[in-house]
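Peer 1: Given the coordinates of chain A, work out where chain B should sit on it, guided by the hints.
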Amino acid sequence: MDADDAAWQRRSMVRVVPTARPRKLAKVPFVEMADGRLQGVVSSGSDIGRVYVSSVAAGSYEVSCSTNNNRPCGGLRGGDYACNHLTALADEAIVQYGGDRVARFLRLETNDEVTIGNEIFWAIGRTTLAGTSPAAAVFSRFLHHLSYLDLPAAVEPLPELSWFPAGAGAR
Amino acid sequence: MRGAQLDDLRDGVPAGVAEALAVVDRFDQAMTGGFGRLDPQGTAALAELAGAVSATPLGAAAAEAVDKVTAGSVGEEQLLLLAAARTAVVGAVHDALRDRLDGTLGRDRAQWTAPTTAAAPADGRLLAARSWLAELALAGWRNVDHDLVSASQQALTALLADPTRRRIAVLLDGLANELRYTSPVATMERIPARRWADLWTRSMLLTSPQSGPAAPETVSGRLLIVGADVQEHATAVQMQVHAVLEAGGGGSDADRSRLVRVNVSAAKVDTIVGPVVWQLLADHPVLLAALAGRLSLDVTDLPLLPGGDLLWRDDQARPGEPTDPFAVARVQLGEALAPAVPPLDRHPVAIAEPVLLEGYTVVTDDDGLGFEVDGTRVAVDVDRLPGCGPITTELLAKSSACIGLLRWDGDAAAGPGWSVQPIGMQATVKRKQVDLHTGDWAQGPTDPKVTKAVARSGDSVAMLRERAGRLLRK
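Heads up: the sequence lines are chains A and B, in that order.
Position 68, counted from 1, in the first sequence is what our numbering calls 68; the numbers after and before it change by one each time, with no gaps.
Position 75, counted from 1, in the second sequence is what our numbering calls 75; the numbers after and before it change by one each time, with no gaps.
Because the hints were derived from the structure by calculation, they are not lab data.
It cannot be assumed that every hint is accurate.
The following label-pair restraints were derived from C-beta to C-beta distances [stated by the list, open to error]:
{"no.": "1", "chain 1": "A", "residue 1": "L129", "chain 2": "B", "residue 2": "P343", "range": "51 to 57 Å"}
{"no.": "2", "chain 1": "B", "residue 1": "Y181", "chain 2": "A", "residue 2": "A123", "range": "20 to 26 Å"}
{"no.": "3", "chain 1": "B", "residue 1": "T218", "chain 2": "A", "residue 2": "R107", "range": "56 to 62 Å"}
{"no.": "4", "chain 1": "A", "residue 1": "A123", "chain 2": "B", "residue 2": "R2", "range": "53 to 59 Å"}
{"no.": "5", "chain 1": "B", "residue 1": "D365", "chain 2": "A", "residue 2": "R107", "range": "32 to 38 Å"}
The beta carbon of each residue, even a glycine, is placed where N, CA and C say it ideally should be.
Bound-form chain A, shown alone (with noise of 0.2 Å):
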C-alpha cells in the first residue's frame, strides 16, 4: 500500500460505489453485481407480465435462467453458449457499469476490453448450470429494489447523505 492508498483510508469521502450510466432500462429493468453474481432481471419478449431472471456468477460461471415462476428458460443448457436473457443481461450490465468493472467483477481472464454480453461468454468458455438456482433471492432482490418506487418522499433532513455526494458519473 503506498502514500496514496493510505491518505485514501483517511478519508470521508471517497467514492466505493460508482455512479451507474444511464441506459434504457425496458428490456433489462435490473441488473446488478452482488453475492458474488452479475445478476437481474429480463423483460420476456412475448409476455408482458412476464420476466426471466438471470445470473451469472464470479469465478465459477455457473449460470441460471428461469421465468418469475420458476419455469427453467428453454435456451440456457450450459456449455459454450448463454440464452438470450443473458446475453441481454450481460449487455446491460456493459452500459451501466461499463466492460472494465464487469470484466473484473467477473474475474474474467481476457485483456481484450469487453464491449458487448456475447463477449464476455467467449472469454468465459464453457458455463455450467447452478446446481441450486438463485432465481428466487435475485428476484426478490428485483422486488424490493422496485418497492423504493413506492417510499413517500420527505421534507425532513438527512444529514447522513452528507458521506454520498452526487456525481455525473460518464455524461
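Peer 2: Only chain B this time, still in chain A's reference frame:
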C-alpha cells in the same frame, strides 16, 4: 473569499486536529480487523480512544467498555459506547475546523440552545439494525462477505417502511450497498476505513433515538436562494438548497437575516440518474420553479429547526422576483447569521459553508482543477458535480466567479483538507456572460443535447413504476 483567507485556512489547521484524527485512524484500523479478535495494536487503539475522552462525561463508561471489549466480552452496549467516544473525538475536530472557518470568514453563528432530549427506548426495528451493526464490528470490514451483508436486509426493509426512521434507513442502506458491491471485502485492494467507520458510528448512534425532534420555530418572509447541493446514493436523493431568509421573519434572531437550508428528498434506485432525479421531487413544484427560474420565494409559517433546516411545505410558498444568486452571495452571505450545528451532526462532512469566489485564475495540472486567488490555490472538488445540473469541469475551467460550498476532508498532513464544491458559476463564453447553477434543470434540462440524451434512455421512472405496478401488487 480573498487569498489571505484561504491562506489562513490552509496554514491554520487548529491545534489538536492531527492528534485527534490519529486516534480515530488507529481505532478505524482496529475496526477493519474486527473487535472480535483484537491484536495488541487494536487493544492499544481502543485504550487510546478511551483516553481521549477520559475528561468528558463519557470517560468512565468508555473506559469500562474498552476494558470489556479488550477482555473479549463485546456486547452491543459496549459497541454503542465506542461509537459515542469516536463521535465525541470527531465532533471536537469538527468544532475546531468550523470555528476556524467561521473566524476566517467573519461568519456569525448561532449557538445551539435547544435542550437535549433524553434517549427514547429503541424499538425492535432499531434493535435489529443494531444487532447487524454489532456483527459487522465483531467481524471487521476485512471479513465482511455476502452472507453478512444479506443479513442486513430484514432490518433494513423494516426501517424503510417507517417514515420516522428515514435517517437511519437511508444511512444503513448506503453502507450495505457499498459492502454488497465490494464483498467479499477481503479481495479489496484498500479498505475505506475512515469512511466505513464513520457510517457505522453514526448508524450505531441512530439506533439510540432521541425522544423527540428539537422543537421548530415558525418563520415567514422572503427566501433568497444561494444554490443547491445534490446528495445521492443508489436508493436515495436529497436536494439541499442553501438560502438566506431575510430579517423580520419571526422566531428567535428575527432581527437578522439567516442562512437556512431546505431539504427535499426521495427514494430511488441506482438506474435513476442524471437530470431524471428531479422528477422524483415533483411534489415541490414551487421550489423547483424557483430553482429553475432563479426566483426568490415568499414563505409563510414554515417550521425552522434549530439546526437551520426549513421544513418545506410547497403550498406555503409563492414564487417571488427574479433574484441572481451571485447578487445574494455578494450582498447577503457576509451579513447572514449561520445556523447552530445540532450536536449529533458535528462531523467534518457536515461542513458545507456557502462562499463566493471571484477574481481567480483557473489552474489545471496533476492535482486537478484549482482556483488561485491572490496567489493562493484552493482545490475544486469536481467529483461532486452532479449529473442533474449543467456545471461541468470544462465549463469551470473557463469560469471567472463561483458560488461554492467549502468542505473539509482527510487530515492535516495528507490532505486533501479544504476544498470548494461549486454550486454556481459565471463564465464568459463567446464574449457573452453565462451563469450556471445546480438547480437550473429542476424543471428539465435546458440544454438540447442533454434533453436528447435523456430521451434516448427513455423515461426510467415511468418504466420502473410500470414494472412495480405489474409485479409488486399482484
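Peer 1: Indicate, hint by hint, whether the structure satisfies it.
Peer 2: Evaluated hints:
Restraint check, L129 (chain A) to P343 (chain B): a C-beta distance of roughly 56 Å satisfies the suggested window 51 to 57 Å. Against the hinted window of 20 to 26 Å, the Cβ-Cβ separation of Y181 (chain B) and A123 (chain A) comes to about 22 Å, which satisfies the hint. Between T218 (chain B) and R107 (chain A) the Cβ separation comes to about 58 Å, which falls inside the hinted range of 56 to 62 Å. Distance hint check: the CB atoms of A123 (chain A) and R2 (chain B) are about 56 Å apart, consistent with the given range 53 to 59 Å.
Range check, D365 (chain B) to R107 (chain A): Cβ separation about 36 Å, and the 32 to 38 Å hint holds.
Comparing the model with each earlier hint shows no violations; every hint is respected.
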